[in-house]
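Protein chains: 2
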Amino acid sequence: MRNVTVIGLGLIGGSMALDLHKSRFAKHFIGVDQNAAHGEEALRLRLVDEVKNLEEGVRAAEVVILAIPVNAARKIITQILDWLPDGSTLIDVGSTKRGICAVAKDHPKRAQYVACHPIAGTEFSGPAAAHYGLFAGKVNIICDQELSNKLSLGVAHELFDVLDMQLAYMDSDEHDRHIAYVSHLSHITSFTLGLTVLDIERNEKNIFNMAGSGFASTVRLAKSSADMWTPIFEQNAENLTEALDAYIEKLQVFREAIVSKDSNKTHELIKRGNDIRRILDGIELKNKEKNGKHN
Amino acid sequence: MRNVTVIGLGLIGGSMALDLHKSRFAKHFIGVDQNAAHGEEALRLRLVDEVKNLEEGVRAAEVVILAIPVNAARKIITQILDWLPDGSTLIDVGSTKRGICAVAKDHPKRAQYVACHPIAGTEFSGPAAAHYGLFAGKVNIICDQELSNKLSLGVAHELFDVLDMQLAYMDSDEHDRHIAYVSHLSHITSFTLGLTVLDIERNEKNIFNMAGSGFASTVRLAKSSADMWTPIFEQNAENLTEALDAYIEKLQVFREAIVSKDSNKTHELIKRGNDIRRILDGIELKNKEKNGKHN
Chain A
1 MRNVTVIGLG LIGGSMALDL HKSRFAKHFI GVDQNAAHGE EALRLRLVDE VKNLEEGVRA
61 AEVVILAIPV NAARKIITQI LDWLPDGSTL IDVGSTKRGI CAVAKDHPKR AQYVACHPIA
121 GTEFSGPAAA HYGLFAGKVN IICDQELSNK LSLGVAHELF DVLDMQLAYM DSDEHDRHIA
181 YVSHLSHITS FTLGLTVLDI ERNEKNIFNM AGSGFASTVR LAKSSADMWT PIFEQNAENL
241 TEALDAYIEK LQVFREAIVS KDSNKTHELI KRGNDIRRIL DGIELKNKEK NGKHN
Chain D
1 MRNVTVIGLG LIGGSMALDL HKSRFAKHFI GVDQNAAHGE EALRLRLVDE VKNLEEGVRA
61 AEVVILAIPV NAARKIITQI LDWLPDGSTL IDVGSTKRGI CAVAKDHPKR AQYVACHPIA
121 GTEFSGPAAA HYGLFAGKVN IICDQELSNK LSLGVAHELF DVLDMQLAYM DSDEHDRHIA
181 YVSHLSHITS FTLGLTVLDI ERNEKNIFNM AGSGFASTVR LAKSSADMWT PIFEQNAENL
241 TEALDAYIEK LQVFREAIVS KDSNKTHELI KRGNDIRRIL DGIELKNKEK NGKHN
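Just so you know, the sequences run in chain order A and D. Number 112 in the numbering used here belongs to position 112 of the first sequence; there are no gaps in the numbering. Number 20 in the numbering used here belongs to position 20 of the second sequence; there are no gaps in the numbering.
No wet-lab data here; the hints were simulated from the structure. Note that the structure is a prediction, hence the values are computed from the model and not measured. Don't take each hint at face value.
What the hints assert, rightly or not - Calculated pairs, SDA-like style, for lysine to any residue (alpha carbon to alpha carbon, straight line, at most 25 Å):
id: 1; chain 1: D; residue 1: K250; chain 2: A; residue 2: D245
id: 2; chain 1: A; residue 1: K223; chain 2: A; residue 2: T78
id: 3; chain 1: D; residue 1: K75; chain 2: A; residue 2: N264
id: 4; chain 1: A; residue 1: K271; chain 2: A; residue 2: D245
id: 5; chain 1: D; residue 1: K250; chain 2: A; residue 2: E234
id: 6; chain 1: A; residue 1: K75; chain 2: D; residue 2: V259
id: 7; chain 1: D; residue 1: K261; chain 2: A; residue 2: T241
id: 8; chain 1: A; residue 1: K261; chain 2: D; residue 2: D199
id: 9; chain 1: D; residue 1: K261; chain 2: A; residue 2: N274
id: 10; chain 1: A; residue 1: K261; chain 2: D; residue 2: D245
id: 11; chain 1: A; residue 1: K265; chain 2: D; residue 2: V259
id: 12; chain 1: D; residue 1: K271; chain 2: A; residue 2: E238
id: 13; chain 1: A; residue 1: K223; chain 2: D; residue 2: K75
id: 14; chain 1: D; residue 1: K271; chain 2: A; residue 2: P69
id: 15; chain 1: D; residue 1: K250; chain 2: A; residue 2: E256
id: 16; chain 1: D; residue 1: K223; chain 2: A; residue 2: N274
id: 17; chain 1: D; residue 1: K261; chain 2: A; residue 2: T78
id: 18; chain 1: D; residue 1: K223; chain 2: A; residue 2: E268
id: 19; chain 1: A; residue 1: K75; chain 2: D; residue 2: K261
id: 20; chain 1: A; residue 1: K223; chain 2: D; residue 2: A216
id: 21; chain 1: A; residue 1: K250; chain 2: D; residue 2: K75
id: 22; chain 1: A; residue 1: K250; chain 2: D; residue 2: R255
id: 23; chain 1: A; residue 1: K271; chain 2: D; residue 2: A216
id: 24; chain 1: A; residue 1: K265; chain 2: D; residue 2: I248
Said to hold, decoys possible - Computed far set for chain A versus chain D, every beta-carbon distance over 12 Å:
id: 25; residue: Q79
id: 26; residue: L81
id: 27; residue: R110
Cβ coordinates follow ideal geometry from the N, Cα and C atoms, glycine included.
In isolation and in its complexed conformation, chain A is listed as follows (with noise of 0.2 Å):
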């Protein structure tokens, strides 16, 4: 059984630790964090079993997981494959892949790295956020994987398959271009929907009373971090500039239909967005799954 280092002991990290603590895949738990109280909450929460520095962490892992922010991430990867002891390995799980991998390309180890990207998480962040089956029935993508060799490869299935998620393959900069629409885009429309209402209802007390769960659900994402999405956006800007202009362009064609009464068009634009069910019901039947396994 193996030393596992965590680096970052947010909701990604914490929750994938206390998955893998129900496994036989790791022994020991080792959390890296640099605000210190992350590294006591975690201590507190049981996320880890203790706290070591970057360098310590790294040295003393089989595996190393990097759960921080795009940014942060893409600047440290150099340092933590240097560290990173041989035969060991380092899976990242950021939701920007193109950049990391780009830094990490020519690095004479870089075939113990596995980059991935588990599409789960919530609105919330931190230790305390973190919690036990997030990952269960959702999809891992592994980018580049020609580039990880077959024992860090293996280490990472392993992983991934403790924390019940299934496995796509794809390219970093395919990842990028699509995660772009379905994931970075959405953010987007939930902060910029959020900025809207709070800027024209000044009186809350009013949105607080006609606002319902159709609302809900669509700005829910608009508590996401700052902090987490912020260098996400600045990492994936060309492709999602993209993304955004192509959906402002949508935007202006359902504007015009709605300004000229237009209702065919209203009607026909509407039947055409209809069709997402065959995508949003595929996204529930993998949920279902997911708790008919667990439940």
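Please arrange chain D on chain A, whose structure you already have, making use of the hints.
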């Protein structure tokens, strides 16, 4: 005990009939629907006891609930009031109120009409979508209540009390202006997000794999009925256009911060958007109170 006629046997009308059956509010439920199949389905699901045509349904009722798309409601409200027996009450439950109130304003039986908007619903529609408890703990808005008589307001209060709804009051203009932001706008942003992702990601397998619960939440309203929402957008076109313009303007600010990689600006926008938590916590609190009450 009264005869209640429900015009429009969909999610809202059907769910109201279900909840009212459990109370002493009415003894007999008459359904009216221009779609004969909906009438049959509503009988089979025991949403109503019998189905009549519009005139017979209205003439036989002490209480008429009008729950059809807002353009159709606006078209037939004069006819319904003409047929409404003296001493009976008409309650409409559409999502826009200014238009229908303007049409009814000068009718000799205006005082028997109570203009309502129960803020409740799901993305599903039709008689089969009706279910118990849809309205519990949520808010019903009564518009222009000074134009309704005491008897009819009393009937409405009793009805919404059975449904376990809280009441709020505002004029119909104010209602439409506010609801554009907290309901109609979020439907447009969802439909547009759906359209954008469907249009770009021709390779559905990738959407299927990469879209998580956050995306599902944000785009959920894109499943909503085109027949219901097209007339809502049309009836509230002016307010909704204003809301859309405010939203697009903020989206451009966000886009600019991302394009120029202005992290401070992005961080600030997200932080300000986070403030929507106060509103959402209020909505969740209401739902929790409701669940606490019923469990």
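Tested hints:
1. The straight-line distance between the Cα atoms of D/K250 and A/D245 is roughly 14 Å, inside the 25 Å bound, and the hint therefore holds.
2. With a CA separation close to 32 Å, the supplied pair A/K223 and A/T78 exceeds the 25 Å bound.
3. At roughly 19 Å between alpha-carbon atoms, D/K75 and A/N264 fall within 25 Å of each other, so this suggested pair holds.
4. For the given pair, A/K271 sits about 22 Å from A/D245 by alpha-carbon distance, which is consistent with the 25 Å threshold.
5. Note on D/K250 and A/E234: the hinted pairing holds, with a Cα-Cα distance of about 18 Å set against a maximum of 25 Å.
6. For the suggested pair A/K75 and D/V259, the alpha carbons sit about 21 Å apart, so the restraint of at most 25 Å is met.
7. Proximity of D/K261 to A/T241 is assessed by CA-CA distance (about 11 Å); at most 25 Å being required, the pair is judged to hold.
8. In summary, the hint linking A/K261 to D/D199 is supported, as the alpha carbons are separated by about 24 Å, within the 25 Å threshold.
9. For the proposed pair D/K261 and A/N274, the alpha carbon gap of about 34 Å is over 25 Å, so the pair is violated.
10. Restraint check for A/K261 and D/D245: the C-alpha separation of about 16 Å stays at or below 25 Å, so the hint holds.
11. Annotation: proposed proximity of A/K265 to D/V259 is violated, straight-line Cα distance about 32 Å (limit 25 Å).
12. Our distance criterion of 25 Å between C-alpha atoms is met by D/K271 and A/E238, whose separation comes to about 22 Å.
13. A hinted pair counts as satisfied when its Cα atoms are at most 25 Å apart, and A/K223 with D/K75 does not qualify at roughly 41 Å.
14. With a C-alpha separation of about 16 Å, the suggested pair D/K271 and A/P69 falls inside the 25 Å cut-off, and the hint holds.
15. Simply put, D/K250 and A/E256 have alpha-carbon atoms about 18 Å apart, close enough for the 25 Å limit, and the pair holds.
16. For a cut-off of 25 Å, the pair hint linking D/K223 to A/N274 stands: about 5 Å separates their Cα positions.
17. The straight-line distance between the Cα atoms of D/K261 and A/T78 is roughly 23 Å, inside the 25 Å bound, and the hint therefore holds.
18. For a cut-off of 25 Å, the pair hint linking D/K223 to A/E268 stands: about 13 Å separates their Cα positions.
19. Taken as a hint, the A/K75 and D/K261 pair is honoured in the structure, with Cα atoms around 17 Å apart against an allowance of 25 Å.
20. Only pairs whose Cα atoms come within 25 Å are accepted, and A/K223 paired with D/A216 is accepted, the gap being roughly 16 Å.
21. A threshold of 25 Å between alpha carbons decides the hint, and for A/K250 with D/K75 the separation of about 31 Å lies outside it, so the pair is violated.
22. As the CA atoms of A/K250 and D/R255 are separated by approximately 15 Å, the hinted pair is consistent with the 25 Å bound.
23. Of the pairs offered as hints, the one joining A/K271 and D/A216 holds, with about 18 Å between alpha carbons and a cut-off of 25 Å not exceeded.
24. The hinted pair formed by A/K265 and D/I248 meets the criterion: a straight-line CA distance of about 20 Å does not exceed 25 Å.
25. Residue-level check passed: A/Q79 sits 22 Å from the nearest beta carbon of chain D, beyond 12 Å.
26. Chain D leaves A/L81 outside its interface by the beta-carbon criterion, the shortest separation being 26 Å against a cut-off of 12 Å.
27. Residue placement check: A/R110 keeps its beta carbon more than 12 Å from all beta carbons of chain D (closest about 24 Å).
Checked against the numbered hints given earlier, this structure breaks hints 2, 9, 11, 13, 21; the rest are met.
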